[in-house]
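Q: Chains as they are written, first to last, in our numbering: chain V, 5 to 114; chain X, 151 to 273.
Hints in this document: simulated from the structure, not taken from any laboratory. Possibly wrong hints are sitting among the right ones.
Claimed, not checked - Examples of chain X residues lying across from chain V (beta carbon under 7 Å, computed):
#1 161
#2 162
#3 194
#4 195
#5 197
#6 202
#7 211
#8 257
#9 258
#10 259
#11 260
#12 261
#13 265
Please read all numbers here as calculations on a predicted model, not as lab measurements. Even glycine gets a Cβ: it sits at the ideal position worked out from N, Cα and C.
If you want the building blocks of each chain, they are given just below.
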Amino acid sequence: QSVLTQPPSASGTPGQRVTISCSGSSSNIGNNIVSWFQQITGTAPKLLIYSDNQRPSGVPDRFSGSKSGTSASLAISGLQSEDEADYYCAAWDDSLDGWGFGGGTKLTVL
Amino acid sequence: QVQLVESGGGVVQPGRSLRLSCAASGFIFSSYGMNWVRQAPGKGLEWVAVIWNDGSKKLYADSVKGRFTISRDNSKNTLYLQMDGLRAEDTALYYCARDPPVGAVVRKDFDHWGQGTLVTVSS
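Chain X with its partners taken away, still in its complex shape (with noise of 0.2 Å):
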């Protein structure tokens, strides 16, 4: 069955950076495109960043252009997500999620979550 989990979040302080990982499971991640979705505590979601399947083509909410990158390693069937220049407003719970397979002809976007990984940005 299919299985996203992620790991690497944690308390940082602002300014510094963290790196989260997704580890995927279950089906043939290299076909798949692949998004970050954050959630405030309390708050609803947001989108954070998608990967195309293969790497590329990467797009990101405003919110965290510049400061956040998303890549992938098919080899090891991962996502990642690399924040820089953290702020207090990044302190949510980190989603990965999975797209629809490359081709598909009925979207069925978002169809898979991982458990999901805290960070807080604290001083």
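So that you can see chain V by itself, here it is in the shape it has in the complex (with noise of 0.2 Å):
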């Protein structure tokens, strides 16, 4: 199994914000950044948040991110049907010595 848990599948409708979580421990994001990914089906994963809650340029404001002890979360507020995707976090595991990512969670845009 994945070194973080995140729930499998999300969904919502056009407009509402949905939060998706990531849960770790002490020795990856209790100690070490998180990032997330959006991977559109068919295509390459894509650099979504960087440094906990940094958006790189290009990256709309209704995308966030968030993190508290050993969890993480992204948010996604104003929900468009692009945003259909799969997300991933990863973090640095200190144990591991190497990165841990989340199992993935499918959102869907009813």
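Join the two chains, each given in its own frame, into one complex according to the hints.
A: Right, dumping it as structure tokens:
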């Protein structure tokens, strides 16, 4: 199973706000920064959030990241149809001496 | 612009070897660490290996340790993944992805990805 734990699915209607959680431990999220990635079907992953809550240029401010203790969250406000994708969290794991990814959350826009 | 292009994938029998390449352009390759990340069909992302910008340090996921070797040639702006003793469970799309530059104060890990190269291990 994955190092980080995410819900397998999430959904919302256009305009809604949805949140995706990412649970870890003191060796990963609790001690290191979290990144989030968006993967639209058939394409490569794209960096969405870095350093817990920073957006790369070009990423809409509808996307935001937060972290508390050993958990992190990705929030998407004003949901749009093009947000339908798989979302992954990632953090360095000090115990594994490597990167840990979440299992991914499939977001459906109803 | 930053471009990462993987190649070398294909169909291979269990126990055989394969070498993947990732050609980089649009940035100073020798200043960045590089990763391999894989994705089995219909599954999530799995980190495979990372190499420091100068090749001085390499780290691997437990699932590939002792079988895979990451390397790079900074004179050719190319990253490699030598895969030996391949198993059916290594079947996946293999991506190369860029690390932050040396000395970066703010870490943008995996900020650029290639399109991937497919490795299928089957008899």
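Q: Against each hint, give a clear statement of whether it holds in the structure.
A: Right, here's what the structure says about each hint:
Evaluation of the residue 161 of chain X hint against chain V yields a violated restraint, the C-beta minimum of about 21 Å exceeding 7 Å. Taking 7 Å as the C-beta contact cut-off toward chain V, the hint placing residue 162 of chain X at the interface is violated, the least distance being around 23 Å. The beta carbon of residue 194 of chain X is positioned within 7 Å of a beta carbon in chain V (closest approach about 4 Å), and the interface hint is therefore held. Hint status for residue 195 of chain X: holds, given a least beta-carbon distance of 5 Å to chain V, under 7 Å.
Evaluation of the residue 197 of chain X hint against chain V yields a held restraint, the C-beta minimum of about 4 Å falling below 7 Å. This hint is violated: residue 202 of chain X has a C-beta 13 Å from the nearest C-beta of chain V, more than the 7 Å allowed. Residue-level restraint check for residue 211 of chain X holds (minimum Cβ-Cβ distance to chain V is 6 Å; threshold 7 Å). Taking 7 Å as the C-beta cut-off, the interface hint given for residue 257 of chain X holds, the closest approach to chain V being about 6 Å.
This hint holds: residue 258 of chain X has a C-beta 5 Å from the nearest C-beta of chain V, less than the 7 Å allowed. For residue 259 of chain X, the shortest C-beta to C-beta distance to chain V is roughly 5 Å, which falls under 7 Å, so the interface hint holds. Proximity of residue 260 of chain X to chain V holds as hinted, the smallest CB-CB distance being about 6 Å (cut-off 7 Å). Annotation: interface hint on residue 261 of chain X holds; nearest CB of chain V at approximately 5 Å, less than 7 Å.
Contact between residue 265 of chain X and chain V, as hinted, is supported at the beta carbon level, the nearest pair being about 5 Å apart and thus within 7 Å.
Of the numbered hints stated above, those contradicted by the structure are hints 1, 2 and 6, listed in ascending order.
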